[in-house]
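If you're matching them up, the sequences are chains A and B in order.
The first sequence runs 62 to 291 under the working numbering.
The second sequence runs -5 to 224 under the working numbering.
In case anyone wonders, no lab produced these hints; they're calculated from the structure.
None of the values given here were measured: they were computed from a predicted structure.
One thing to keep in mind: the hints can contain errors.
Think about it this way: if two alpha-carbon atoms lie no more than 35 angstroms apart in a straight line, the pair counts; the simulated DSBU-like pairs of lysine-lysine are [said to hold, decoys possible]:
1) Lys134/B with Lys243/A
2) Lys150/A with Lys33/B
3) Lys151/A with Lys57/B
4) Lys204/A with Lys33/B
5) Lys150/A with Lys108/B
6) Lys138/A with Lys108/B
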Amino acid sequence: MKRLCEICTHYNCFINKYCSPEWKTLISFHKTSMLYPAGATIFSAGDPIKGIFQIYSGKIKVVTIDGEKEQIIRLAKEEQLLGHRGFGKKMIYPVTAIALEDSEVTFIPVDVFYSAVKANSEFAFQMMLFYADELNAAEKRMKLTAGLKAKEKVIVALMTIIRAFGFSSTDNTLLEYTPTRKDIASIAGTTYETMIRALGSLEKSNIIVQEGKAIRVLDLAYLEKHCLLD
Amino acid sequence: MDCRSCINKNCFINKYCLNSWLEFVQNFKTRKLFSAGLKVFSEGDLVSGIYIICSGKVKITMKTDDSIERIIRLAGEGQVLGHRGMSTNMTYPISAETLTSSELADIPNEDFFKLLRNNADLSFYMMMFFADELRRSEQKYRLRTLKSVNEKVASSICMIIDAFGYKEGETSEVDLSMKLSDFSNFAEISMLSLSNVLKYFSRLNIINWVDNEIYVINEHALREIAQTER
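Bound-form chain A, shown alone (with noise of 0.2 angstroms):
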């Protein structure tokens, strides 16, 4: 399907706020669409980057692999870009990025998006300080996870996960979406048995409760207030 930027309704995102009428046409005639089911990989950590995508419907893990371990690193969702990791000198992907539901996926050619870029200077500017974020956001996670105890990695995730996601439209408690348990764990960076742990451990604290696959939240003053990682 045909994703047009001069009719699309995602305000937040930074090509529709920052780039010309006449840009968005070019961008829209050039731009592609694809449909990931959940489960799919949109590009693989080594591919070749030749493009840019952006999340138009759906989830998205962003993860690195390191032989059996997977560590999720960022999550993503509609209006986000995604695969701006590795661009640069290299222009190879140093992550893999995973659809954690059916997704629609938009992807622009990357000269089209280097010439919109340089063309429209307030997207230009808006795009270094997106980065800038993205680097302190980076180091301080590593600086800070690696001396953190299983429960605050956990909470961390948990708030990761709010973040990313927020609550569901008719139900203010309740997460929108619960990853998978192992997921979880990929997020907070410890094992599936810590993070059980941790997690049996908030429940007991009445700081949340699992329903089945999802989680509802209590007490998200308290989550904001142990998160180490803003």
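Start from chain A and add chain B according to the hints.
Frame of chain A; chain B shown alone:
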């Protein structure tokens, strides 16, 4: 020094700003001279502007949770300094200290933003620069957690070559400009392991290590070792 008559053609301001804007730069740029071993700014300081290294060499350090100052970046002539402060809270997450006597140019924030908004090539460069920094930073993190000592030393030598290059008029002597203790900090291994690996590389005829100077014999082999990721 007036940017328009500057001979440093690698400087990103010189390269990516329009001539009319270079004139504007002169009005608000201040020149600062530092001798070796001086702090340019410290972690937690308020960010008031951005620095450009006109000449000299600087190390950028970050305090990890075990309160060790880790060298996370090396920067030389023509490069940006203090860009990690350009995020939402505008305080430096890192410290910078000169390795050799250096001349820095300081451009206040609001003027730098004005430059970015009006020079598309400059903001494009800065975007790509941040993208590279993000990749390098995450690579460096993996270096700390995953790599063998040989890989650590090889990739640090490569990173030093990328930052400072070879000594003037030399084709094989690495422009180290730092003590061995700084080098071992950068490579994230002990001094003892560092000298063992350097001796080992010398035996393999990849480098020649004499009088604490490194002469690279086979840069290709060095990069091969550095890239055996995972």
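Going back to the hint list, which numbers does this structure go against? none
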